[in-house]
Amino acid sequence: MKVTILQFPGTNCEYDTQHAFKELGATTEILWHKSQSIPSDTDLLVVAGGFSYGDYLRSGAIAKFSPVMKAVTTYANAGGKVLGICNGFQVLTEAGLLPGALKRNDGLHFISKHHHLKVINNDNVFLKELACGDLVNIPIAHHDGNYFIDSDGLKDLKQNNQILLTYTDENGEIKNPNGSVESIAGVCNKNKNVFGLMPHPERAMEALLGSSDGIKMLQGFFSA
Amino acid sequence: MIKATVNISLKAGVLDSQGKAVHHALDSLHFKGVSDVRVGKQIVLKLDETDKTKAMAEVRKMCEELLANTVIEDYDIELS
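Protein sequence lines, in the order shown, are assigned to chains B and W. Per my numbering, residue 2 is the first one in the first sequence, and the count goes up by one each step. Per my numbering, residue 6 is the first one in the second sequence, and the count goes up by one each step.
Simulated from the structure, these hints should not be mistaken for laboratory data. Hints may contain errors.
Claimed, not checked - Here are some chain B residues the structure puts well away from chain W; computed CB gaps all over 10 Å:
#, residue
1, Lys-23
2, Phe-52
3, Met-70
4, Thr-94
5, Asn-106
6, Lys-114
7, Asn-125
8, Gly-134
9, Asn-147
10, Phe-149
11, Ile-150
12, Ser-224
Claimed, not checked - With a straight-line cut-off of 30 Å between C-alpha atoms, the simulated BS3-like cross-links for lysine-lysine are:
#, chain 1, residue 1, chain 2, residue 2
13, B, Lys-193, W, Lys-16
14, W, Lys-59, B, Lys-71
15, B, Lys-71, W, Lys-25
16, B, Lys-217, B, Lys-193
17, B, Lys-176, W, Lys-59
18, B, Lys-114, W, Lys-25
19, B, Lys-156, W, Lys-25
20, B, Lys-71, W, Lys-46
21, B, Lys-176, B, Lys-193
22, B, Lys-35, W, Lys-51
23, B, Lys-35, W, Lys-16
24, B, Lys-176, B, Lys-129
The beta carbon of each residue, even a glycine, is placed where N, CA and C say it ideally should be.
Bound-form chain W, shown alone (with noise of 0.2 Å):
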């Protein structure tokens, strides 16, 4: 079994507001030399694939055509 963990965030140059707004509050809270904040999300799959090449291929695919939305994200995949 291979667990894949995604992570999907905002694109680079496309404007994080949840990002922004947990950046101000740290701030509010004295937690300073915080220079960037970005919210994502993360997926976590477990699957029955074995082969780790395959899986990230199949992975890949899910980003595309499901987990995340290109237009304004960028996903990033970890096998273990």
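Chain B extracted, bound-state conformation (with noise of 0.2 Å):
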């Protein structure tokens, strides 16, 4: 299994993410963004969170046209795995790879907390280590983390089984920390090939820092 995670000027949750793969026993490769192609070994690619450029513009906006991002998209259009944390989570929406787009929270602060999240749909390569309806507790850090698609994208979301997570309380009843439409916490493609979200499952890998229920959800990219 090779991870492979980008680097943008301003990602600083690459390390962390390059971890959390190597524990669960992944060979990783951290790909510069000035890159024009993805190491052709790869069985996973990592957009991984921070503040790429800054945030300038919006979050998210300046990274799609890094060089690097035409292989990425050619390699999610041939059917590459992909998943987005955060910041990349807000890269990929921004690319047209996933649908939607992030918003500034409704409550305008920078939310940096655990929070539950209540898996959805588990027909996806990358939740399928858990069940539906499962509760997970997962760090969010986000500022702009306010899932907005109109109603028509809603609707084709939950037809095709895209929603993956939405957030919760801890008895999975619905708590919307950001303004999310029916509290979304992360996404999936039509081809359920390209995945995002905006809590940090590679910041739940150790009981002893408050949870270990990112191991499940990263767990499931190395069975597939």
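Mind assembling these two chains? They're in different frames, but the hints should get you there.
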């Protein structure tokens, strides 16, 4: 299992992500955004979290024109598996690889805390180790995590089982920290090979540090 | 030289939480009679182009590709 992790100027979760996947037994490579190609042995491409280009203009808006993004689009369109975490999710929506957009949190504050999430659909490689309705406790850390999609887009997401996770409380009841449409925390594309979520599973790998629920999520990619 | 002023704001129907917060603040300062506040951003471009029609087409393309995210934002272009 080879995981390639993208690094833009301003990315800051690439080493956490690398550590998480190494712990699970993957070989990893951090790929600078100037690269024109993706290593051919890549099994999973991760767009890591952070603040690419300082979030200038809009989160993810400038990163989508980085040289590597053409290769990312080709890779994704050929069925390659792509996971965008936090800023990575924002980059993938800006690039048009995932539907919707991420707006400023409704409360206008940067939110950084553990949050419960409910698995909505698991008929995909990412969440197949979990059952629908399962709860995970995963850190969120974002300013622009307010997921927006119009009503037609939302209908599509539901029809194709593209909603991955929603924000809930510890009992699985809807609890929306940022104003996201239907409390959505993560989605995938129609073909179910491109995944995006605002929470950080790579920060939930050690029970000692608050939660190890990220392991079950990231492990899904290993048995693909 | 043409100056292009691009105003970008959230689409009608997309909740503008910054606008709402500003509206609330104006209200607490007793500025009454404000029925709505929208917060957006303005981008000013100096273009080498001298033909306004061409300039407009070019700036519109810039908006579609980069300056605005048309999933959530509208843009408005003024040339001078």
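Hints violated by the structure (listed by number, smallest first): Those not satisfied are hints 4, 5, 9, 10, 11, 15, 17, 23.
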